[in-house]
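A.B. asks: One letter stands for each residue in the lines below.
Number of protein chains: 6
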Amino acid sequence: MELATFVDRLDEELRTDDYADLDASANGLQVGPDEGEVEHVAFAVDGVRATFERAVEADADALVTHHGLSWGGFDRVTGRTYDRIEPLLSNDLALYVSHLPLDGHQELGNAAGVADVLDLEDRAPFGELGPEYIGQRGTAVEPDTVDGLRERLQSGLETGGRPVRVLEFGPDEIEEVAIVTGSGTDWLAEAEAVGADALITGEGKQKAYHEAREAGIHVFLAGHYATETFGVRALQDLVEGWGLETSYFEEPTGL
Amino acid sequence: MELATFVDRLDEELRTDDYADLDASANGLQVGPDEGEVEHVAFAVDGVRATFERAVEADADALVTHHGLSWGGFDRVTGRTYDRIEPLLSNDLALYVSHLPLDGHQELGNAAGVADVLDLEDRAPFGELGPEYIGQRGTAVEPDTVDGLRERLQSGLETGGRPVRVLEFGPDEIEEVAIVTGSGTDWLAEAEAVGADALITGEGKQKAYHEAREAGIHVFLAGHYATETFGVRALQDLVEGWGLETSYFEEPTGL
Amino acid sequence: MELATFVDRLDEELRTDDYADLDASANGLQVGPDEGEVEHVAFAVDGVRATFERAVEADADALVTHHGLSWGGFDRVTGRTYDRIEPLLSNDLALYVSHLPLDGHQELGNAAGVADVLDLEDRAPFGELGPEYIGQRGTAVEPDTVDGLRERLQSGLETGGRPVRVLEFGPDEIEEVAIVTGSGTDWLAEAEAVGADALITGEGKQKAYHEAREAGIHVFLAGHYATETFGVRALQDLVEGWGLETSYFEEPTGL
Amino acid sequence: MELATFVDRLDEELRTDDYADLDASANGLQVGPDEGEVEHVAFAVDGVRATFERAVEADADALVTHHGLSWGGFDRVTGRTYDRIEPLLSNDLALYVSHLPLDGHQELGNAAGVADVLDLEDRAPFGELGPEYIGQRGTAVEPDTVDGLRERLQSGLETGGRPVRVLEFGPDEIEEVAIVTGSGTDWLAEAEAVGADALITGEGKQKAYHEAREAGIHVFLAGHYATETFGVRALQDLVEGWGLETSYFEEPTGL
Amino acid sequence: MELATFVDRLDEELRTDDYADLDASANGLQVGPDEGEVEHVAFAVDGVRATFERAVEADADALVTHHGLSWGGFDRVTGRTYDRIEPLLSNDLALYVSHLPLDGHQELGNAAGVADVLDLEDRAPFGELGPEYIGQRGTAVEPDTVDGLRERLQSGLETGGRPVRVLEFGPDEIEEVAIVTGSGTDWLAEAEAVGADALITGEGKQKAYHEAREAGIHVFLAGHYATETFGVRALQDLVEGWGLETSYFEEPTGL
Amino acid sequence: MELATFVDRLDEELRTDDYADLDASANGLQVGPDEGEVEHVAFAVDGVRATFERAVEADADALVTHHGLSWGGFDRVTGRTYDRIEPLLSNDLALYVSHLPLDGHQELGNAAGVADVLDLEDRAPFGELGPEYIGQRGTAVEPDTVDGLRERLQSGLETGGRPVRVLEFGPDEIEEVAIVTGSGTDWLAEAEAVGADALITGEGKQKAYHEAREAGIHVFLAGHYATETFGVRALQDLVEGWGLETSYFEEPTGL
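These protein sequence lines map, in sequence, to chains A, B, C, D, E and F. Read in order, the letters of the first sequence are residues 1 to 255 in the numbering used here. Read in order, the letters of the second sequence are residues 1 to 255 in the numbering used here. Read in order, the letters of the third sequence are residues 1 to 255 in the numbering used here. Read in order, the letters of the fourth sequence are residues 1 to 255 in the numbering used here. Read in order, the letters of the fifth sequence are residues 1 to 255 in the numbering used here. Read in order, the letters of the sixth sequence are residues 1 to 255 in the numbering used here.
Bear in mind the hints are in silico, worked out from the structure with no lab data behind them. Accuracy of the hints is not assured; some may be wrong.
[What the hints assert, rightly or not] As a list, the in silico PhoX-like pairs of lysine-lysine whose alpha-carbon atoms are at most 20 Å apart:
{"#": "1", "chain 1": "F", "residue 1": "K205", "chain 2": "E", "residue 2": "K205"}
{"#": "2", "chain 1": "C", "residue 1": "K207", "chain 2": "D", "residue 2": "K205"}
{"#": "3", "chain 1": "E", "residue 1": "K205", "chain 2": "F", "residue 2": "K207"}
[To be verified] A few chain C residues that don't get close to chain B, going by computed Cβ distances all over 12 Å:
{"#": "4", "residue": "L29"}
{"#": "5", "residue": "D92"}
{"#": "6", "residue": "E214"}
{"#": "7", "residue": "P252"}
{"#": "8", "residue": "G254"}
[Unchecked claim] FRET-style restraints, in silico, Cβ to Cβ:
{"#": "9", "chain 1": "F", "residue 1": "A124", "chain 2": "D", "residue 2": "E37", "range": "29 to 37 Å"}
{"#": "10", "chain 1": "B", "residue 1": "A58", "chain 2": "F", "residue 2": "E35", "range": "16 to 24 Å"}
{"#": "11", "chain 1": "B", "residue 1": "A24", "chain 2": "A", "residue 2": "A24", "range": "15 to 23 Å"}
{"#": "12", "chain 1": "F", "residue 1": "G241", "chain 2": "D", "residue 2": "D34", "range": "33 to 41 Å"}
Glycine included, each C-beta is placed from N, C-alpha and C at the ideal position.
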């Protein structure tokens, strides 16, 4: 498949353009030439030196990641930026990135993946960011306890053994669940406003503790990495369906 | 002591004005009247409903915290802001906040407190933010291992049992240590530039993992709360020296 | 009635959200908790210490004013802001503010009230501010003189004896009248463009004198306070119709 | 005298450059050619069509005013701007403007002129605007009453019969007086901070009423025009001392 | 014809308002009174002292130019601005300017005029600027060579003998031609994207050389002035059709 | 020599940091790793694919250019940016850029080089840009004519046969000469203010024609490329003096 065709297909599926003004990440093709062929596509959560090197070793033509290397652009290709870009250009490896578009995709996205693990029903977009959403919410088929929910996350996510932490300030029975993967505690007020019993996210800022306490809501901190493997894995399935060879590289951070 | 005198003394000691343009937190007197007396001063890391209520119960006249309730100001006194401000005004409790000025104070500050725990020598300001610093660095009296350093932090900080985590990417022997308390992984590049073997901070963003890995530096994540108790405790000693009654309220977040 | 219901009804009637980006005033509920009951509602033009104290004495649950205390937000609750907010929070008195939405309401608003006093016909929105209007214009049933119009304003407005001043630069007969209450001389050019013979407003900046002179238009300065009592009085009628007890507190400024 | 020399002398005396970033008014030569001679200089408070025409009739070469016609610049020379600029260019009349520099000049300025009328002693700059001042304060030789001060202003200023109004909220005896001419009620807080008993200004915004009341300070509203004749008259004396013919045109606005 | 009518007709034809936020030039009536009659209209590419003087000599009532004298507005009428505006105001000569609206007009505009010279077919808007276009593209009736195209431009444009320069980096046969008059090399990437063989413009920045070389596209530099005479000449025809007397003043710059 | 040492030496000589906020170009090391050795340094005016390829062929370790590839930064490494960066990274070629610092250097810079060609005396910095200068001015040893000056430029610069053009609007005898290389006609007003008879620059915008005409000053347009070869050649000499091998690649643009 031509690289340009590959990029266009992903951009269309993920609505890359709609998130252009909302995201510091330069989504879409982030590093790569105008022309080229793609036969083997690698996937990983983070676009960093470690995953770039594994993709090069695997002889991939393109790497698709959730986190890329351009956040707000760069003035120079020096230091760490040089070290990251160099293996891409020296080995003809294109980098395709999808950050918020992949968080918010209601079927292939990260939050949708967590909702799948929990079998949530009556799903709706959650996590407003301007005119778009970057998460999802839904209702548990049966009310669950904190321990029950924690165990399901612990077993259903790639936590690498890292314990799921909970700020336990909500009700005993959890029915309404809101999800923003990664670093999502800024959406606590929205979770409260929609009547969520629990907010599930990856990592939590210090100030979230008291906000959750005062809002009377549980916050599950399941790991930034662990909550964000679903999107790229779903893209891998999609791309495999296009007849391309694929690989997936785990590099859990434990964060 | 008059409240105005109390505020002036703290502002001078902490150089509140010098951080005015650098900090989203409105430092200094954040809530309080122009006139009033201070006899009993309470101290806590976070200025939230829980600590406000404990200070009211203790019949304190003023509460000094590291984190306050005004971050970039507010348009309204409604919702959570109402719930937090109401006990202050209904009970004549003044709120004095010192965020970055207290992080960066080279003797009373949070980073200085962590450096004390580790007996660092040859200390220097670290953690550039515009023309100021918000951390400290120094040299270990004797080179230490990751495990050694971790244990000293675990026992010397109010971690509340939360394990100190380490991203182990640095050298076997740790001599040069840089500290930015709270959320300090944005200073990894500066730590690398000054030749630090380890950066000690509270909480770490997901992207810090690979940055530390590529920089070849250890990152100790000892807890946001746990690394930020030193400053307010040092202020408590200072204020006690002024002849005022004091209290300290622990409300560890585990984050 | 629940406070939240009370706030929602007013916000809907006044289209508070539509003016959100146009007004430095934080319109809607400016100070108050999420929960609470409203039985007695007080009304006043200015939300200041004097009216707050009168509302507290009257044991009101909410005070509705045209001018509030949050103009562009605040960083601290200290000094005059403290003195104003303190009686509200110490006495469970909610503050609801409607500034430009109330100026521009074509039936309940301040300009509409002045137009009622003058029996204007063929009314239309006047006083463009972005996509909204904050005044009204209309045609006199019969042409009037400067003295005639002045007397009708003097007797129909709560001027407290303060004389209505006129910058007399328009035609002998006045038919077309434009109104922006409060401080409205910035709309002189629009008044000229729509063919108004006179602009009625509250107070006038120095530079309005020569602008009116060069435009050949009368400017009636009837007092900022005096032109802005209509809106809150109309809201009082509205709220009374909801079955709530009401009070109105006059505190004329003479400005 | 060459026009360029005339402009340079005034700019130096008034420190025009120091106010460049503080003032919406384009101070200095506002309309005029690079070359030309000045023999007869006219003076007026406002640079408007009326004073431009009088200066043309008087055959002046330059007109010096406190208020000019460029506030924040203009994109076009049409409408009122055309009508004002046209007589200047058609009659070789240069326009020199000094707004805030003339307000703040501690000897020739408007506030200094009001302080002269009141025989204030121990004068100091007042009315902070960035690094500069635009007013003056001082101490009465003997304490005065509100009525006494009002009468001295009424007789000493060119009020054109307009009564000096007072918001009477200060002490019975007035000793410390702060002055910002024109529209100066934004400096009420500074007046309070320096311990002034009264603030003297020209015109007052509606919100000044309650601010003065809560601050416990008198505010004298002596007229925008009436408080701003001193500066241009002092410049007239200065320029006469340079051997040039001068005129002064009164156009009181009563505002 | 009334000046106001004349201005309204041109504004409507040229859609002046639609370009208001895109253009540093203040388009429409740039200098002129609200009232006046227009009988004789002069036309020129540049609104400068030379053309203003010729229009005054010809006793024109209005001058229509592509480049005016207000680019981003001005704070003062001094120096060169004074020298340019003075003859306009002293001689009742109105100045009407149309910069980008005239570049982009798909029938009367500058690019359309160049396309006419080259007999292009299948024309479409080219040269995106926000939501508008400022150029045109089309297909040659028959493929042409660089020399052929250069000769047609040399003979069809008012180059004043200045040779048309070509950066020859495109194909031997030229079919698809994109045009942005004046200084248009910033649209090289768009020309490449739409498959143009050549971009025709007036003047080229230094960096265009290598961009054209790397894009493999011819760039014809036919002169800024020479490519921008079509618009004003087309407006002259239009205005003549309204029954007004017209003149055209050539002042070629050779640039 | 270590690359880092090489970069530090150039940055110090050229005062790169002082121009950081003035220049859209990212000056200093623009592409390159933290570590590496430099033995062979290539020089060229433009940092483009053509010169990158020649430097690769010559097996250079670093290329020093006046124009680089980062103007305001980039979000992605795709399209033309990819094509330019790829040969640098694939071949370990570092890119060092000095734009305005090299224009303004009073001894090694581009304007200084033009001044050398013309034997100007009493040189002074010219071409104000914030607190820095980007050109130079001086006095001819003997007054010269337009033709004399043109010939000296034609023979002394690398014009590649491109004729030096002159906008002849100045005096017959030229003594005072101001120089801003590249695109410098924005400094015409400064040239007039310092009494220059001629401004020498590379390329001229269309509007410069009438500005020069109205200012009565000659403008020599000697070519953007032709006026900007001096700086990199002077750096080549400097670097050769450090004992490194050097090359220079001519790629004249004729613009």
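A.B. asks: Next pair to validate is K205 of chain F with K205 of chain E; report whether the Cα-Cα distance is within 20 Å.
C.D. replies: Judged against 20 Å, a Cα distance of about 9 Å means the pair holds.
A.B. asks: Determine whether the non-interface label on D92 of chain C survives the test: each CB of chain B must be over 12 Å from its CB.
C.D. replies: Incorrect as stated: the minimum Cβ-Cβ distance to chain B is 9 Å, not above 12 Å.
A.B. asks: Checking one constraint from the list: CA of K207 of chain C to CA of K205 of chain D, max 20 Å. Satisfied?
C.D. replies: This hinted pair holds, its Cα atoms lying about 14 Å apart.
A.B. asks: Within 20 Å, alpha carbon to alpha carbon, are K205 of chain E and K207 of chain F?
C.D. replies: At roughly 14 Å apart (the allowed maximum being 20 Å), K207 of chain F and K205 of chain E satisfy the hint.
A.B. asks: Taking the shortest Cβ-to-Cβ distance between P252 of chain C and chain B, state whether it exceeds 12 Å.
C.D. replies: 27 Å, holds
A.B. asks: Should the hint that A124 of chain F and E37 of chain D are 29 to 37 Å apart at their CB atoms be regarded as holding?
C.D. replies: 32 Å, holds
A.B. asks: Is the nearest CB of chain B more than 12 Å from the CB of E214 of chain C?
C.D. replies: 39 Å, holds
A.B. asks: Between A58 of chain B and E35 of chain F, does the beta-carbon spacing fit 16 to 24 Å?
C.D. replies: 58 Å, violated
A.B. asks: Can we confirm that no CB of chain B comes within 12 Å of the CB of L29 of chain C?
C.D. replies: 5 Å, violated
A.B. asks: Mind verifying the non-interface call on G254 of chain C? Its CB should be farther than 12 Å from each CB in chain B.
C.D. replies: Label holds. Min Cβ-Cβ 27 Å, cutoff 12 Å.
A.B. asks: Taking 33 to 41 Å as the hint, is the beta-carbon distance of G241 of chain F and D34 of chain D inside that range?
C.D. replies: 48 Å, violated
A.B. asks: Could you tell me whether the CB distance from A24 of chain B to A24 of chain A stays inside 15 to 23 Å?
C.D. replies: About 18 Å separates the Cβ atoms of A24 of chain B and A24 of chain A, which means 15 to 23 Å holds.
Of the hints listed earlier, those the structure fails to meet are numbers 4, 5, 10, 12, in rising order.
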